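With the sequences and hints as input, model every part of the structure.
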Amino acid sequence: MLDNMNKKSKENNSTPSDEELIKRFQDGDIYAFEQLVYRYKDRLMNFVYNFLKNRVEAEDVVQETFLRLYRNRHSYKKIAKFSTWFYTIAANLAKTELRKRKRKSLLSLSKMGVEDKDYDIPDVTLSPEKKVNSNIREKIIRDKIEELPLKFREVIVLRDIEQCSYEEICEILNIPIGTVKSRINRGRQKLQKELKHLIEE
Amino acid sequence: MPDCYEFRKLINKLIDNEISFSEKKKLREHIDECVDCKKCLEKSIKMKRMLAQLPKVKTSEDFNILLRARIRREAHRERNKLFASFTLPKRTVKFAFGIIVIMLFILIINPVHLIRNDSEKQMSVSENNNDQFNGRIQYVIDKYPHSISLSREDSRENTIDSLIIKNDSLNNRRSNIVRTHATPVNF
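Line by line, the protein sequences give chains A and B.
Residue 63 in the working numbering is what sits at position 62 of the first sequence, and the numbering runs on without skipping anything.
Residue 184 in the working numbering is what sits at position 167 of the second sequence, and the numbering runs on without skipping anything.
Read the hints as simulated data drawn from the structure, not as lab findings.
Label pairs and their calculated CB-CB ranges:
#1 LYS55(B) / LYS145(A): 18 to 26 Å
#2 GLU202(A) / LYS73(B): 18 to 26 Å
#3 ASN175(A) / LYS55(B): 33 to 41 Å
In this text the structure is predicted, and so the values were computed from the model without any measurement.
All C-beta atoms, glycine included, are put in the ideal place defined by N, C-alpha and C.
Written out as structure tokens, the structure is:
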């Protein structure tokens, strides 16, 4: 699938925009869909992972997002930016997954810590000692983000990790821009308190 | 301190590149005087950098294969849905089946009427047949008068009990004549 897509993209030197691709996909071009998968799979994975902090669940949500895109391709209208529309689907699915998890944890007697043992990103630039330290730091940061209330977590993830603009965030989360700004302020203050020792190192 | 609260907002704007030129100037002037806000700005920048530098999580190698399989299943389902739209709705099929059952039921519980009809039909048919056969026998007798002999009793009662055909050439017509058994014939 991806090989075909790469060949096709090499043929066309000018890269089509996401909106052009979705239009082509709506007209029945499956290669356009494959190109969208190639563009968005890792971006969405990173985004969803910051919500769920579990690789398997995050990947499942990303797969489901693409499946929704395939199924509801005709419900996309050109008035919205494709990335915003697509992130909204992913965010909603991730939140549903979180709700499910909450229900499960309420039902289970003992709360078992779900840790992602397989999470490992090779970083050749760092020495082993520094690599261990950076992994620990990263784990702490991710844990602290996860501990934030959902309304702060979603804006922090979208703004500081995904680098979305305020307008994009308010479209994705369907909240007013004033609320976005105040949540970012309060979320950052909370996170700064939690990460105080790391920041002051 | 209420002033500082406003400047904290400006700090967020600054690190998000959403600050205006006049606001930036105002913030710079304040930071030169306020140590707390300066520290806050430094921390905010550091945290922002930390979050931006978090390693990106990537999908696994199996991702494409799994997605392709799911998409294929979905496409197959869509095709089936399209096919289903061309077939009759279930309700119509049930309705037709119901009507057939009701008609069968009526046929079963009301056979007298049908039998009467049938017997009337049969009678009319047999009358027609009699006329036909009588005509045929008359034809045979006219053509071959020497080849047919009737028994005495039969001739007395003016009915045909047995019709004996001597001529071999008439063998193939025998069946028709035998069917006229016990019907009155006028010679």
